[in-house]
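Asks: Sequence:
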Amino acid sequence: MTFWKRSRNKRLEAAIKFAEQLRSLKIDDSIKPMYCVLENENLRLRHDKVTDGNYRKKILKNAVLTEEEYFVAPPGNIPLEK
72 MTFWKRSRNK RLEAAIKFAE QLRSLKIDDS IKPMYCVLEN ENLRLRHDKV
122 TDGNYRKKIL KNAVLTEEEY FVAPPGNIPL EK
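Number 96 in my numbering belongs to position 25 of the sequence shown; there are no gaps in the numbering.
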């Protein structure tokens, strides 16, 4: 068994062990669902500031295929034709 497979198996075993711990919890109607951990706090928004920008051409060079300055992505698992 390779190191990668052993590492993967250890992570899977740890995840299963954690799931079993969650399943063993006794939850009754006194525990109310939580919508947000910060529901009683106001979240501060920061102002968006354009610091440099104008990287459109540089970013589009990362795309395998572009059309009208947009990334073209394959639907599902269908590979792109070059």
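None of these hints come from the bench; they were simulated from the model. Note that CB positions come from ideal geometry on N, CA and C, so glycine has one too. One should not assume that every hint holds.
Below are the EDC-like pairs computed for lysine to aspartate or glutamate, each with C-alpha atoms no more than 16 Å apart in a straight line [said to hold, decoys possible]:
id	residue 1	residue 2
1	128	140
2	128	139
3	128	112
Label pairs and their in silico Cβ distance ranges [said to hold, decoys possible]:
id	residue 1	residue 2	range
4	122	77	38 to 46 Å
5	98	133	45 to 53 Å
6	133	84	47 to 55 Å
7	88	140	45 to 53 Å
8	101	142	22 to 30 Å
Asks: Determine for every hint whether it applies to the structure shown.
Replies: Results for each hint:
Of the supplied pair hints, the one linking residue 128 and residue 140 holds, its CA atoms being roughly 8 Å apart against a limit of 16 Å. Proposed proximity of residue 128 and residue 139 is supported: the alpha carbons are some 12 Å apart, at most 16 Å. About 41 Å separates the Cα atoms of residue 128 and residue 112, which puts this hinted pair outside 16 Å; it is violated. At about 45 Å, the beta-carbon gap between residue 122 and residue 77 stays in the expected band of 38 to 46 Å.
Here the CB-CB span from residue 98 to residue 133 is close to 46 Å, well matched to the stated 45 to 53 Å. Between residue 133 and residue 84, the C-beta spacing of about 37 Å breaks the proposed range 47 to 55 Å. Between residue 88 and residue 140, the C-beta spacing of about 49 Å keeps the proposed range 45 to 53 Å intact. Against the hinted window of 22 to 30 Å, the Cβ-Cβ separation of residue 101 and residue 142 comes to about 50 Å, which falls outside the hint.
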